Amino acid sequence: MFLQNFVLESDSNIRCQGDRPMPAPVRGNPVTWLSSTALKFPALTVAIWLALSAVLVVVPPSLEDVVERGTTAFLPDGAPSVRGLDAMGSAFGTGKAEAYAFIVLVNDDGLSKADGATYRRLVAGLDAHPDEVVEVQDYLEQPQLRTVLTSKDGRATYIPVGLKAPIGSPRSNEDVALLRGIVDDAGTAPGTKVHITGDPATVADLTTAVEEASDRIHLISVGLLVLILALIYRRLVTVRIPLVTIGVALVCTRGVLSILGESGLALSSYTSAFVMAIVLGAGTDYSVFLISRFRDEYRDTGQVATAIQTATTRIGTALVASAATVILGASTLIAAKLGIFSTTGPGMAIAVAVSLAATLTLTPVLIAWTGTRIGPAPAIRPESLWSRVGTLVAARPARVLVGSVLFLGILAAFLPTMTLSFNTRAAQPSDTPSNIGNAALTKHFAPNETLPDYILVTAQRDMRNPKDLASLNTLSRAIAKVPGVTSVRSITQPSGEPLSQAQISKQLTTLAKQLNKADRKLTKAQPGLIELSDGAAELDRGANKLADGSVQAVDGVDQFVTGLTELNEGLETAADNTDTAASGAGDLAEGALQLARGLQSAHDKATLGVEGLKAIEQALAKDLLCGVDPVCNKARKGLKQIVDAQDEQLLGGLQEAADAALSIANGQSTLADGLRKLHGGLVRAEKGSGQLADGQKVFRTKLLQLATGTEELAAGTSALSPGINQLADETSRLTDGLDQAGTYLSDVGAQANTADAGGFYLPASALENRDFALARTTFLSADGRVARIQISGETDPLSVDGVDRYTVTRDAAARAIRGTTLADADLLATGAGGLGADLQDYLDHDTRFVVGLVLLIVLLILILTLRSLIAPVYLLASVILSCGAALGLTTLFWQHLMGQNIEFNVPVITFVLLVAVGADYNILLMSRMREGGLSLSRRDVADAVTATGPVITSAGVIFASAFVALIGSSVHGLAQTGFAVAVGLLLDTFVVRTLVVPACAALLEEHNWWPTRPGTGEASESA
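The opening position of the sequence shown corresponds to residue 1 in UniProt numbering, with each subsequent residue numbered one higher.
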């Protein structure tokens, strides 16, 4: 409707707004020609913009949808932490996980059976989406994980979920939405809450927060802009011109970005917010510059057509140069490695380019249609504020310059105290779903439970051997000594504490204890050894006596056997003689008496022999050595059998025969009976005598063996006694040695257990122990070629201290592995701290690259525009000082007063915008000074300040207001960027452009244009 009103209020030649038709397009200068052509065909120009806007609204999808589908990964694919995560996934997981989220289940009353059912439904829901969820670590599949994944208070548990999409990518945000849908479908018991957290959820929530903030930012920005324009112009028709221009520019910019985004241009959630601010700021500024110059020309000429043509001719080139600084400066961000920069720069550059095109074509037409109602600029009054400022600067340029630089320098002094934050959780409100989930984890689990850092050691061989395990232990101990590290878990210390059984110090101490124990036992047994030595001496003496007795016994047995032989012969004769007793009846009585006496004598002698054998048998029965010696033992048993037999048969028979003979001699029995008894007794005696003789022969043989054995025993015991004595002496010395060895090993064990000692020994077989099952699969890959060390710290790994700790840990690991058996192994670091560390490394690269390139581009544009080498140098220095002051003030406010560290992306984006926009304003100011020719005087400087002061101030305030709206964002990065750019623009407007630059120009005067000098033939730009 507004454009229709413009058309209805004018004719095709715009004659009602001036005294003559619009001149033909001016050829030669492309910028002037473009504006002149638009003025020549105003209706066509408006129609083209309307048609273009309509097409770009209807045809492409909305910018937000394109951004959501085309978000770039947070870090480049080649980032060390990303490569480490990929390697860890390949070695310990499926090899497909690019990021890990965590499903946290909490019941403040304690996990119940109903919660267990919820847990199973969650796992089943995750398993049902293998394309998105590539890894699930749950205790249903791995029961040994129950104690690890469940809090000690029994009120919380969590499920690590491996996602296929990289962090910050469109698929990652979709995966987070999928997880939240699975949670909703699983349902929960009363009192139970389920949260999604982890890096993917954190970045997704940050994206959502930025998108939600954009809507509020847009409303606030438009409201502030309308208010400021109304205060500046106080005419609705004038206010509508920049509003229509930026409205068309915004619609077209968003459409162009949507098309380019669909074609592959990388965009981010920050794109929409910054595009809005850039279009509102730059588009309005360019329109304000053109309107201001038109009013000045209209005041001087009174002709609308002439005024607008002159205004576009004189300011068009300056606008192009000014816009070029922003376009090229923002374009440098395309080459940045961090996605947050590479996706923001193109959007800002396109926004400025479209805004410039609309300003050079649409805005002149709108001004021409309403020129008379816009009215001329008021005459400059000497007593006006800007006239007084210009006069002051021209009169005392040195004082103004020193005072201004001092003021900016004081603010810039806070810049070195800036602390950057890489914490994506802290960059968003605390009540986002991911932050609530992280708070639940922190409440029930150890700090940073799900945010450990990792060191991966990749070798070309199986590390399951004592030497490589000792090297891994050395690495673990070195990491544990890094300040701020609270826990290091690895294959050599799976519980977070050193494996005491594998410490050589422990092994030495145990050995020392055993030696000391043996020492005490030997010391206690030493008196027994002395007694043993004495007993051995007595045994030696007894054995010698036994040997002597055995020899004598053999001699006695020989004599006894001889006597028995003679006795047997006599008994045989006596038995035969009884057969002839009848023939000797006359001598019977006498013979019987003699026979009785002989038999009694034989009985008595045999009794002595048997008693002797019995004494020997009894002596051997009491001898302990004979019981031990097998030969002596057999001889003793045989001797007892002989004694028992002869005692019953031989002696009994002799006694019976003697009694019978005596009865015959005394006539106490009949002869026949006596002879029969006599004959029977003699037969028994003869038989016993024969057995006795045979037994004595066997006994003699055994006794001879006994004699030989006792002689050998005596020889052995003679050697035993000195040996026992020597053993006692050696044992005494051994106890002294054991005591010394135990003391030494105890001392070595104590020293080996210090932090600097590396004593470690773990055999490969120990890894097969059942207790090592979980540690083996957690910290060593299946082939043993990759080892994982898990590190936790006392501070948030995403905080500044956490990032510093990660970097120190990574460097400490690299140093510690040198000189070990794993010196040729590859080290990779990853984890939560790695995200911040990689951000820091890439930020350093991008900062150096972008800052250097932006400064070079701005310097070249200033040189080409002003055709000078002097002025561009101090102009560039002034915008650098202005940027430093803005960032210093930002640090003072947000960090020192509000307690928030500065988000890592704030300085770079602030620098690009402030340097580019600052150079933009510099070009406008210096172009106005040069319009008077090369002979620049202080009076010319004062006039330029007076003429441009109102418009540059208005432009600065308008541009600043577009970023003021960002301050209200709940996303810290947007709020801090809005603050930094807004205060930077205000400082640039009121201090740099008003005081510093004019003071420098006044001091240099015509030297500003060196090497160009007056009289070189250069045409005046006022023509």
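Keep in mind that the hints were calculated from the coordinates and are not lab data.
Be aware that a few hints might be false.
Straight-line Cα separation of at most 30 Å, DSS-like style, residue types lysine-lysine; simulated pairs [stated by the list, open to error]:
#: 1; residue 1: Lys443; residue 2: Lys467
#: 2; residue 1: Lys164; residue 2: Lys193
#: 3; residue 1: Lys152; residue 2: Lys113
#: 4; residue 1: Lys481; residue 2: Lys113
#: 5; residue 1: Lys164; residue 2: Lys96
#: 6; residue 1: Lys443; residue 2: Lys164
#: 7; residue 1: Lys337; residue 2: Lys96
#: 8; residue 1: Lys152; residue 2: Lys193
#: 9; residue 1: Lys443; residue 2: Lys193
It should be emphasised that the depicted structure is a prediction, and the values quoted were computed from it without experimental measurement.
Hint check:
Among the hinted pairs, Lys443 with Lys467 is inconsistent with the structure: their alpha-carbon atoms are about 41 Å apart, more than 30 Å. Restraint check for Lys164 and Lys193: satisfied, since their Cα atoms lie roughly 26 Å apart, inside the 30 Å limit. Annotation: proposed proximity of Lys152 to Lys113 holds, straight-line Cα distance about 17 Å (limit 30 Å). For the hint linking Lys481 to Lys113, the alpha-carbon distance of about 43 Å lies beyond 30 Å, and the restraint is violated.
For the hint linking Lys164 to Lys96, the alpha-carbon distance of about 6 Å falls within 30 Å, and the restraint holds. Distance restraint check for Lys443 and Lys164: the Cα-Cα separation of roughly 29 Å lies within the 30 Å cut-off, and the hinted pair is therefore satisfied. The hinted pair formed by Lys337 and Lys96 meets the criterion: a straight-line CA distance of about 24 Å does not exceed 30 Å. Under the criterion of a C-alpha separation no larger than 30 Å, the hint pairing Lys152 with Lys193 is consistent with the structure, at around 18 Å.
A hinted pair counts as satisfied when its Cα atoms are at most 30 Å apart, and Lys443 with Lys193 qualifies at roughly 14 Å.
Checked against the numbered hints above, the structure violates hints 1, 4; every other hint is satisfied.
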